[in-house]
Amino acid sequence: ETGVTQTPRHLVMGMTNKKSLKCEQHLGHNAMYWYKQSAKKPLELMFVYSLEERVENNSVPSRFSPECPNSSHLFLHLHTLQPEDSALYLCASSQGQANTGELFFGEGSRLTVL
Amino acid sequence: QQQVKQSPQSLIVQKGGISIINCAYENTAFDYFPWYQQFPGKGPALLIAIRPDVSEKKEGRFTISFNKSAKQFSLHIMDSQPGDSATYFCAASMETSGSRLTFGEGTQLTVNP
Chain Z
352 ETGVTQTPRH LVMGMTNKKS LKCEQHLGHN AMYWYKQSAK KPLELMFVYS LEERVENNSV
412 PSRFSPECPN SSHLFLHLHT LQPEDSALYL CASSQGQANT GELFFGEGSR LTVL
Chain Y
287 QQQVKQSPQS LIVQKGGISI INCAYENTAF DYFPWYQQFP GKGPALLIAI RPDVSEKKEG
347 RFTISFNKSA KQFSLHIMDS QPGDSATYFC AASMETSGSR LTFGEGTQLT VNP
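First to last, the protein sequences are chains Z and Y.
First residue of the first sequence? That's 352 in my numbering, and the numbers climb one at a time after it.
First residue of the second sequence? That's 287 in my numbering, and the numbers climb one at a time after it.
Isolated chain Z (complex conformation) (with noise of 0.2 Å):
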């Protein structure tokens, strides 16, 4: 496996379930990020850990609940979830921050909520 993997890469869920979305990233990099896109709007930031701290968190609503256990892994739970909340999730990587290195990112989790 090479680069960003994120699964699963499609899940449908009901308002009243958990789930959870799974990154990993086989770069050796120290910093990863949660971002949401949906359709005709920018990606918007979520979460950000960097060495496994998490050192952003923008405003998203705590019915998101990330998790990095360690550099190389990162997971978003879901739980009581809105239509609104269908989009594509991206998980992304880097090397330092965001102006100087390169964000890499994974295929994204499509995720529809009922």
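Any given hint could be a false lead.
Chain Y residues, not near chain Z, derived (Cβ > 10 Å throughout) [what the hints assert, rightly or not]:
{"hint": "1", "residue": "S293"}
{"hint": "2", "residue": "V299"}
{"hint": "3", "residue": "Q300"}
{"hint": "4", "residue": "N308"}
{"hint": "5", "residue": "F352"}
{"hint": "6", "residue": "S355"}
{"hint": "7", "residue": "E391"}
In silico DSBU-like pairs for lysine-lysine, Cα to Cα no more than 30 Å straight-line [unchecked claim]:
{"hint": "8", "chain 1": "Z", "residue 1": "K387", "chain 2": "Y", "residue 2": "K357"}
{"hint": "9", "chain 1": "Y", "residue 1": "K344", "chain 2": "Z", "residue 2": "K373"}
{"hint": "10", "chain 1": "Z", "residue 1": "K387", "chain 2": "Y", "residue 2": "K328"}
{"hint": "11", "chain 1": "Z", "residue 1": "K392", "chain 2": "Y", "residue 2": "K291"}
In case anyone wonders, no lab produced these hints; they're calculated from the structure.
Beta carbons: idealized from backbone N, C-alpha and C, even for Gly.
On the provided structure of chain Z, position chain Y as indicated by the hints.
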């Protein structure tokens, strides 16, 4: 508040033509301006980036033009090819923002054969 505005939302170009995508920003503290390319079913990937100490950067058929006084920057794709059909995002960040990249809304480019 939208800090990076991108236009057009969609663009159709004939093969061999020039594709031009524009972005405007508000925050004068931004000091790094990357462009990301996203193919369907894939995540965005860095295409080219520029810092405000230069007015132009060229990599192959891709050129960024930067106008600091107008707070605008643009991506030019010369000799556009059908394989360039993708969504393009401009972005901006500043040293003090650490890991935050502010993205534009994206431009869906279609290059017809």
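Check your understanding: Which hint numbers does the structure go against, in order from smallest to largest?
Key -> 7 and 9
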